[in-house]
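My request is simple: use the sequences and hints to build the entire structure.
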Amino acid sequence: MTKQIKQIAIYGKGGIGKSTTTSNISAALAEAGYKVMQFGCDPKADSTNTLRGGEYIPTVLDLLHANARVNAYEAIFEGFGGIYCVEAGGPQPGVGCAGRGIISAVQLLKQQDVFEALDLDVVIYDVLGDVVCGGFAVPVREGIAEHVFTVSSSDFMAIYAANNLFKGIQTYSNKGGALLGGVIANSINTDFHRDIIDDFVARTHTQVVEYVPRSLSVTQAELQGKTTIEAAPKSEQADVYRRLAKRIVEHTESKTPTPLDQQELRDWSASWADRLIAVERQSQLLAS
Amino acid sequence: MTAHDLKTTLGSAKPIVDKTIVEKTHSIEQIRYGCAIGAMQSVVAIPRAIPITHCGPGCADKQFMNLAFYNGFQGGGYGGGAVTPSTNASEREVVFGGGERLTELIGSTLKVLEADLFVVLTGCIPDLVGDDIGAVVKPFQQQAVPIVFAETGGFHGNNFTGHERVTRAIIDQFVGPYDGAPEAGTVNVWTLLPYHNTFWRGDLTEIKRLLAGIGLKVNILFGPESAGVDEWKAIPRAQFNLVIGPWLGLETARHLETKYGQPFLHAPALPIGAGETSAFLRRVAAFAGLDKDRVEAFIADEDARYYKYIEDFTDFYSEYWWGLPARFAVIGDAGYALGLTRFLVNQLGLIPARVIVTDNPPEETRGLISAEFRAIADDVAVDVAFEEDSYTIHEILRKTDFGHKPPILFGTTWERDLARDLKGAIVEVGFPSSYEVVLNRSYVGYRGALTLLEKIYTTAVGASA
Amino acid sequence: MPINLKTPVVESREQRLGTVIGWEGSAEELAVESCFKRGGGCGGQKARRVCELQSPFTQGSVCSEQMVECQAGNVRDAVLIQHSPIGCGTGQVIYNSIYRNGLAMRGLPVQNLHLISTNLSERDMVFGGVAKLERTIRDAWERHHPKAIFIASSCSTAIIGDDIDSVAAAAESEIGIPVIPLHCEGFKSKHWSTGFDATQHGILRQIVRKAPEKKQEDLVNVINLWGGDVFTPMLGELGLRVNYVVDMATVDELAQLSEAAATVTFCYTLGSYMSAALEQEFGVPEIKAPLPYGFEGTDAWLRAIAKQTNREEKAEAYIAREHARVKPRIAELRELLKGKKGYVSTGSAYAHGLIGVLRELGVEVEGSLVFHHDPVYDSQDPRQDTLAHLVDTYGDVPQFTVGNRQQYQFYALLQRIKPDFIIIRHNGLAPLAARLGIPAIPLGDEHHVVGYQGIVNLGESILDVLAHKKFHQDLAAHTKLPYRKWWLEQTDPFVLAKEKQAAQAAPRQPAALSSSVRRVGAK
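Chains as they are written, first to last, in the UniProt record's numbering: chain A, 1 to 288; chain B, 1 to 465; chain C, 1 to 523.
Hints are computed from structural coordinates only; laboratory data are not their basis. Please note that a few of the clues may not be correct.
[Said to hold, decoys possible] Here are the computed lysine-lysine pairs in the DSS-like style, where the Cα-Cα straight-line distance is at most 30 Å:
(1) C:K485 with B:K138
(2) B:K423 with C:K147
(3) B:K111 with C:K500
(4) A:K3 with C:K327
(5) B:K111 with C:K498
(6) A:K175 with C:K210
(7) C:K418 with C:K500
(8) B:K111 with C:K480
(9) C:K6 with C:K340
(10) C:K470 with B:K138
(11) A:K110 with A:K234
(12) B:K217 with C:K418
(13) C:K210 with C:K147
(14) B:K217 with B:K292
(15) C:K288 with A:K3
(16) B:K111 with C:K485
(17) A:K110 with C:K327
(18) C:K210 with A:K110
(19) C:K327 with C:K340
(20) C:K6 with C:K288
(21) A:K35 with C:K6
(22) C:K314 with C:K214
(23) A:K167 with A:K255
(24) C:K147 with B:K24
(25) A:K246 with A:K3
(26) C:K147 with C:K341
(27) A:K246 with A:K35
(28) C:K147 with A:K175
(29) A:K255 with C:K6
(30) B:K111 with C:K6
(31) A:K175 with A:K234
(32) A:K175 with C:K6
(33) B:K138 with A:K175
(34) A:K110 with A:K246
(35) C:K485 with B:K399
(36) B:K233 with C:K480
(37) A:K3 with A:K35
(38) C:K341 with C:K480
In structure tokens form, the structure reads like this:
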């Protein structure tokens with residue numbers, strides 16, 4: 001009997017810090033002795049850059065483009081701490097079908113039994129969360145990831161994307177698909193940010209796995225093409241990621257979220273906008 | 001019995017799609033048409049035109065083999081069958097787009113194949129991933145290559161839809177603008193769907209013969225009697241467009257009306273038999289303003305020959321001992337269904353038990369089609385059903401009252417087993433007709449009607465002992 | 001690498017076996033390049049790399065979904081749902097006709113096939129088609145109460161990413177019969193035979209009895225299509241019963257595949273995946289021998305079955321009896337066919353067998369076009385190298401061509417060889433040969449040529465078809481081909497492919513690739 005591989009998908013709106021978070025989780029897990037694969041599912045193919053000194057690697061779909069027969073191992077590269085880095089890749093903007101690319105790339109690795117052969121403990125899919133077509137839902141489906149996490153800031157557009165993801169999870173939930181582990185609250189530096197996220201998770205019946213503050217050490221590490229774990233292992237931020245990684249790898253019980261419908265989401269954001277204006281007014285009053 | 005009584009007796013006035021029979025869903029079992037890219041066969045139907053298909057590896061073969069081979073065994077023609085170029089799109093064209101591959105295919109096609117017109121047809125793959133076909137084809141058009149393109153991905157609709165799209169693509173991208181004077185006495189004919197209609201070659205031949213007989217110059221456009229692209233180039237010069245059939249071709253005629261200011265005449269019923277055909281010809285002649293004497297002389301001549309045979313046939317029809325079918329059902333395209341029903345009722349005096357139209361006519365045309373069926377004769381009205389799923393169709397037919405005699409079904413291969421179960425006869429008259437070998441056989445006009453009589457009664461007599 | 005039945009998606013032929021669809025040389029050269037029986041130096045890796053010619057000009061081929069229609073769609077008490085726009089459903093016509101005639105030939109009740117299209121529209125492409133699939137599964141169940149429901153994917157539903165696996169799983173637990181997703185979208189593989197594998201993959205995963213209570217020691221699985229019943233009398237001589245799959249079988253006959261004593265096939269192109277998987281997963285031995293064509297092939301095949309099932313004495317007696325029975329007529333046929341030149345154009349392994357039979361009949365075979373080439377079969381057992389068997393037994397075939405039914409290439413091939421007749425199985429090529437004055441034997445019954453009687457059958461069929469020559473010569477004088485003069489003058493059918501190859505000779509390197517990238521390394 002082969003061991004159970006922990007398969008996790010991390011979704012988030014583009015630019016929200018999803019790849020940064022994912023790579024730090026992978027790095028923290030590798031540091032803790034796990035055999036990890038990080039699988040980037042974004043046509044930009046830059047998910048694993050900070051695990052490999054800022055380098056881009058050839059993607060699964062690059063191989064597919066070049067020849068009819070693909071050896072999946074030619075798309076696997078070692079990164080920090082022995083992490084196996086894979087990028088699905090995709091077409092140039094404006095042509096082809098990126099969603100189908102994700103399907104093809106995931107199928108290829110599964111058919112060649114790569115995960116078992118590499119004796120992995122954890123596979124983390126880092127998935128672009130803006131796109132709603134079927135291909136980007138592949139990691140949520142039956143037999144791929146078991147737990148989904150979403151990276152979100154308190155920014156309304158990020159929450160909109162998270163809510164969309166919840167809808168996707170709900171769709172697949174009664175068909176054996178992955179369930180929601182929770183929200184990784186990113187760039188949370190004020191209580192107000194925290195309140196927004198907390199309110200959102202309460203309404204959608206999920207939880208915050210970790211609050212990750214915005215930190216200069218992250219930016220500094222990224223500029224060196226590294227994760228915070230690698231570049232500043234002793235920093236406070238690194239410990240935040242280690243805590244997050246531990247929670248995620250030990251996480252067992254995921255649930256079906258209850259996403260807000262269009263109107264609820266609009267009303268909800270409007271109410272927070274009103275509170276935001278009130279708070280600002282108050283601070284202006286205090287200043288004057 | 002009064003005419004009114006007859007109407008209620010013969011006309012099967014009850015609603016056909018009885019909701020208690022089956023619940024209607026989108027599912028289609030035992031298909032009765034192909035998809036939009038099936039219109040590659042409309043290209044093949046134009047002499048010396050070749051389709052270039054940008055689609056998955058099976059699409060071109062599938063449409064050809066089913067529409068043109070296992071349907072009357074019509075064959076591939078000049079540029080169809082295994083000749084048709086295809087990108088045979090693979091995963092690479094899906095993920096990264098197929099524009100480059102299509103450019104390569106068109107370029108090499110021009111080296112290998114000789115044609116007067118190439119029509120690029122797209123399948124689901126390029127239409128989903130959004131390949132810019134116009135951008136691929138345009139440079140070839142600028143180099144004066146006779147090539148046009150049409151978006152015919154299967155999800156856009158069936159091969160009837162595809163046919164109108166292909167026709168329009170050729171008119172807009174190949175025939176082009178025209179502001180000269182119209183040529184009196186010339187007509188463009190828009191009627192049966194090539195290949196899908198099993199007998200289209202013979203039927204178009206007979207239609208052209210009839211129209212030429214009353215003095216028209218005929219652009220028949222498809223099939224062995226067409227002069228190919230020269231005829232297409234001549235479309236704008238015609239005096240008018242003639243649409244024969246309840247709906248297919250109307251969209252094209254309206255487009256031509258806007259584009260070239262050509263009027264059109266719509267004859268909803270395909271003319272079968274002398275009565276129908278003579279009336280049809282008189283209507284066309286009046287519209288076109290043809291010389292009456294010539295028209296009447298032609299009709300008289302045809303009538304005389306037709307009725308000579310009908311008279312001879314009468315001995316059999318009135319004296320045959322072993323019984324002939326009385327009630328019939330028609331399962332087919334709106335075009336054939338209407339023409340056949342009118343002929344069977346008005347010429348032969350058979351009783352319509354069920355008529356089911358299977359080609360999914362556009363919603364806006366269904367009112368007209370229903371009205372045509374309600375006016376089959378003064379004393380016969382038929383409530384036509386629109387249904388494309390054969391399971392539902394067969395359920396309807398199994399619950400139809402065919403009276404005390406075995407019925408005769410005018411349908412397709414799908415009805416063979418049903419006819420056996422109903423202990424009736426089957427005449428395959430539409431797609432798919434996998435147990436008919438068809439060359440130039442026609443069932444329309446004066447001559448076709450006689451052939452149809454032979455077929456009907458050979459079937460009946462042939463099964464008798 | 002063994003067959004992977006864990007994932008619902010079958011691995012394509014090119015991935016598993018290194019299948020190619022464009023190649024030219026001699027049969028011996030291809031056998032060497034394939035490293036199968038001739039192997040040794042290829043590191044034991046399953047999928048060999050044969051150098052492939054890719055032409056910029058291609059004519060419509062055939063797709064995997066079509067092969068699913070003609071296999072899963074012809075299981076007698078199952079329903080196949082085509083999850084697609086209506087166009088994929090068009091194939092129902094041909095496979096219905098073939099199914100009906102196949103049933104009639106096998107003496108089974110004639111009926112229409114049960115294929116249902118989900119009939120997707122533009123709206124479904126945007127919003128997803130799974131709700132319609134769920135409804136169609138319900139329709140399939142309510143209408144026919146089948147013993148199993150297959151679901152075929154399509155290009156469009158695979159692109160929009162409809163999750164047919166979870167819909168199938170949910171339906172299966174609700175209805176209580178196997179509901180089997182078959183991933184067979186046409187773009188997934190360059191060769192249609194992946195569709196055979198897709199069907200067999202689904203059957204192996206969800207229909208074949210996992211832990212059979214009983215073994216049927218006299219039952220032999222025969223993986224075939226619609227062919228006439230020639231295996232029952234043949235194997236009956238050895239006291240064996242036949243379990244024909246997949247076409248025209250019942251779901252129950254598919255379920256008992258795991259109970260049989262052995263698996264054979266008329267063609268490894270069709271039977272490779274199922275046979276190898278039955279051995280790997282259920283311990284049903286696959287007969288590892290050349291296919292039953294010609295004396296040597298049939299002898300070896302019968303002996304291998306006899307050895308596996310401990311019936312060697314019966315087999316030897318049968319072999320001797322049959323040799324004596326057919327040899328006189330074969331001698332007459334050889335006389336009648338002296339100096340005749342034949343050409344074979346069929347699926348790969350089948351062609352290897354047919355060429356052998358032609359040579360038994362004394363017919364010259366200088367060339368053949370096969371629709372694809374699998375360098376190895378799934379068993380990887382060199383005794384199944386039908387190509388090497390052909391060359392070793394009957395000598396080389398100097399002009400051996402691989403091409404996925406490209407009619408334009410066929411012209412040059414026929415010009416080179418100018419055969420008196422061709423043997424063909426797929427549509428599309430015979431019409432061209434006919435226009436060149438060459439008659440074709442269309443092998444509808446794929447079992448026509450099997451075994452000792454098959455040698456006689458083929459000889460008689462050749463005599464019949466040679467008489468057709470009058471029709472074809474008359475046609476040749478009255479026809480115009482759609483090919484340009486330039487193309488008709490080419491003697492190399494791969495000239496365009498070679499031009500393309502030359503133009504692409506410069507190696508491509510992804511620009512962003514860093515030189516320090518270290519690969520984990522191929523296994």
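Tested hints:
1. C:K485 with B:K138: 26 Å, holds
2. B:K423 with C:K147: 29 Å, holds
3. B:K111 with C:K500: With a Cα-Cα distance of about 14 Å, the restraint between K111 (chain B) and K500 (chain C) holds, given a limit of 30 Å.
4. A:K3 with C:K327: 61 Å, violated
5. B:K111 with C:K498: 15 Å, holds
6. A:K175 with C:K210: 24 Å, holds
7. C:K418 with C:K500: Between K418 (chain C) and K500 (chain C) the Cα gap is close to 28 Å, so the pair holds against 30 Å.
8. B:K111 with C:K480: 17 Å, holds
9. C:K6 with C:K340: 51 Å, violated
10. C:K470 with B:K138: Not satisfied, since the Cα-Cα distance of roughly 47 Å exceeds 30 Å.
11. A:K110 with A:K234: 37 Å, violated
12. B:K217 with C:K418: Roughly 46 Å between the alpha carbons, so the hint for K217 (chain B) and K418 (chain C) is violated.
13. C:K210 with C:K147: Holds, at about 17 Å.
14. B:K217 with B:K292: Satisfied, since the Cα-Cα distance of roughly 16 Å is no more than 30 Å.
15. C:K288 with A:K3: Outside the cut-off at roughly 35 Å; violated.
16. B:K111 with C:K485: 10 Å, holds
17. A:K110 with C:K327: 53 Å, violated
18. C:K210 with A:K110: With a Cα-Cα distance of about 23 Å, the restraint between K210 (chain C) and K110 (chain A) holds, given a limit of 30 Å.
19. C:K327 with C:K340: 20 Å, holds
20. C:K6 with C:K288: 25 Å, holds
21. A:K35 with C:K6: 22 Å, holds
22. C:K314 with C:K214: 25 Å, holds
23. A:K167 with A:K255: Within the cut-off at roughly 13 Å; holds.
24. C:K147 with B:K24: 24 Å, holds
25. A:K246 with A:K3: At roughly 19 Å apart (the allowed maximum being 30 Å), K3 (chain A) and K246 (chain A) satisfy the hint.
26. C:K147 with C:K341: 49 Å, violated
27. A:K246 with A:K35: Satisfied, since the Cα-Cα distance of roughly 14 Å is no more than 30 Å.
28. C:K147 with A:K175: 22 Å, holds
29. A:K255 with C:K6: OK: K255 (chain A) and K6 (chain C) at ~26 Å, within 30 Å.
30. B:K111 with C:K6: With Cα atoms ~47 Å apart, K111 (chain B) and K6 (chain C) exceed 30 Å; violated.
31. A:K175 with A:K234: 43 Å, violated
32. A:K175 with C:K6: 18 Å, holds
33. B:K138 with A:K175: At roughly 47 Å apart (the allowed maximum being 30 Å), K175 (chain A) and K138 (chain B) break the hint.
34. A:K110 with A:K246: This hinted pair holds, its Cα atoms lying about 26 Å apart.
35. C:K485 with B:K399: Violated. K485 (chain C) to K399 (chain B) sits at ~60 Å, over the 30 Å cutoff.
36. B:K233 with C:K480: 23 Å, holds
37. A:K3 with A:K35: 12 Å, holds
38. C:K341 with C:K480: 25 Å, holds
This entry does not satisfy hints 4, 9, 10, 11, 12, 15, 17, 26, 30, 31, 33, 35, going by the numbered hints stated previously.
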